[in-house]
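Engineer: Single-letter residue listing:
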Amino acid sequence: MKAGVVVFPGSNCDHDCYHVLKHVLGVDTVFLWHKDTDLQGVDLVVLPGGFSYGDYLRCGAIAKFSPIVSEIVDFANNGGRVLGICNGFQVLTETGLLPGALMRNRDLKFICKYVNLRVDNSDTPFSRMYAAGEVVGIPVAHMDGNYFIDPEGLAKLEDNNQIVFRYCDENGECIPGTNPNGSLNNIAGIINENGNVLGMMPHPERSAEGVMETRDGYFLFESIIKAIGGAA
Amino acid sequence: MKVKVFVKLKSGVLDPQGQTILSSIGRMGYDFASEVRVGKFFEIEVKDKSCEKELEKIAGDLLANPIIEEYSIEFAE
Numbered sequence: 000m001k002a003g004v005v006v007f008p009g010s011n012c013d014h015d016c017y018h019v020l021k022h023v024l025g026v027d028t029v030f031l032w033h034k035d036t037d038l039q040g041v042d043l044v045v046l047p048g049g050f051s052y053g054d055y056l057r058c059g060a061i062a063k064f065s066p067i068v069s070e071i072v073d074f075a076n077n078g079g080r081v082l083g084i085c086n087g088f089q090v091l092t093e094t095g096l097l098p099g100a101l102m103r104n105r106d107l108k109f110i111c112k113y114v115n116l117r118v119d120n121s122d123t124p125f126s127r128m129y130a131a132g133e134v135v136g137i138p139v140a141h142m143d144g145n146y147f148i149d150p151e152g153l154a155k156l157e158d159n160n161q162i163v164f165r166y167c168d169e170n171g172e173c174i175p176g177t178n179p180n181g182s183l184n185n186i187a188g189i190i191n192e193n194g195n196v197l198g199m200m201p202h203p204e205r206s207a208e209g210v211m212e213t214r215d216g217y218f219l220f221e222s223i224i225k226a227i228g229g230a231a
Numbered sequence: 000m001k002v003k004v005f006v007k008l009k010s011g012v013l014d015p016q017g018q019t020i021l022s023s024i025g026r027m028g029y030d031f032a033s034e035v036r037v038g039k040f041f042e043i044e045v046k047d048k049s050c051e052k053e054l055e056k057i058a059g060d061l062l063a064n065p066i067i068e069e070y071s072i073e074f075a076e
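Here the protein sequences come in this chain order: A and B.
Going by numbering that gives the first Met the number 0, the first residue of the first sequence is number 0, and it counts up by one from there.
Going by numbering that gives the first Met the number 0, the first residue of the second sequence is number 0, and it counts up by one from there.
The set of hints was computed from the structure by calculation and includes no laboratory data.
Just so it is clear, the structure is predicted and the values come from calculations on it, not from any experiment.
Do not rely on the hints blindly, as some may be mistaken.
[Unchecked claim] Quick list of in silico lysine-lysine cross-link-like pairs, DSBU-like style, CA-CA up to 30 Å:
id : chain 1 : residue 1 : chain 2 : residue 2
1  : B       : K56       : B       : K39
2  : B       : K52       : A       : K34
3  : A       : K225      : A       : K112
4  : A       : K155      : A       : K225
5  : A       : K34       : B       : K39
6  : A       : K21       : A       : K34
7  : A       : K225      : A       : K1
8  : B       : K56       : A       : K155
9  : A       : K1        : A       : K34
10 : A       : K34       : B       : K56
11 : B       : K3        : B       : K39
12 : B       : K7        : A       : K155
13 : B       : K7        : A       : K108
14 : B       : K1        : B       : K56
15 : B       : K9        : B       : K39
16 : B       : K39       : A       : K108
17 : A       : K108      : B       : K9
18 : B       : K9        : A       : K155
19 : B       : K52       : B       : K9
20 : B       : K56       : B       : K3
21 : B       : K46       : B       : K56
[Said to hold, decoys possible] Pulled a few chain A residues facing chain B out of the computed Cβ check, cut under 7 Å:
id : residue
22 : A100
23 : R105
24 : L107
25 : F147
C-beta atoms are modelled at their ideal positions from N, C-alpha and C, and glycine is treated no differently.
Can you make the complete structure from the sequences, with help from the hints?
Structural biologist: Put into structure tokens, the structure is as follows:
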């Protein structure tokens, strides 16, 4: 398997994703420059966190029109696996590959901390190494992670089991106080209907090896590798 | 000529910035304001009105995110 990590001007988690894929999981990994139109035969595209194009206009709004992103839209529409983390999630909603939008955090503050997530759907290529209902600790770091969608869209996400990760307490309860940013239904990560595009605000690449506070993010990357069928 | 594009959050979408500004207005001692909605304003220089259709596309695809925002376009004489 081969993975590509997109680099926009302003991306700042690109090297972290590259490091985890290549050095922690041993996947053949390349960087994909935003002006390129060649996906270099990758099986997985990672849209990393950061501030693509300075977050000008809206987070992810300018990235939507970059040359590499139109290739990624075609790739995704043909079943290619795409993982968007943080700013990458924002890019995915802006392009329409994922429904909804990510708005300014409820309390108008940048949030950078470990959060508990409940894995609500472990039957996806991105979460199969987790148990359903498992609680994992993965850090968030964002200003605009407040997930919004209209009531019909939200009902559809719930009915289709497209909500993969939800903010919760250490027991997996999504009670008030566990929602850091105001996201509807404590949504932290969703998958598209076809099950090949996942977006999430938390950063699994920041908790994927033993030196970090948790290693819970490792299993997300391992899930993808198992799904694609490469060496882990 | 100038085109003015206004973008604001749809009604029904929470606007925490607007709420914070509203409470600041209250702290200034004024009690007549009941709601504040924050938006964006774009001024675009164009030759004439022939680009009206394209501007709709620019506003809907780029300047505003129709999932959470609505826009209006005004040609200034």
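Engineer: Run through the hints listed earlier and report the numbers of any the structure violates, in increasing order.
Structural biologist: none
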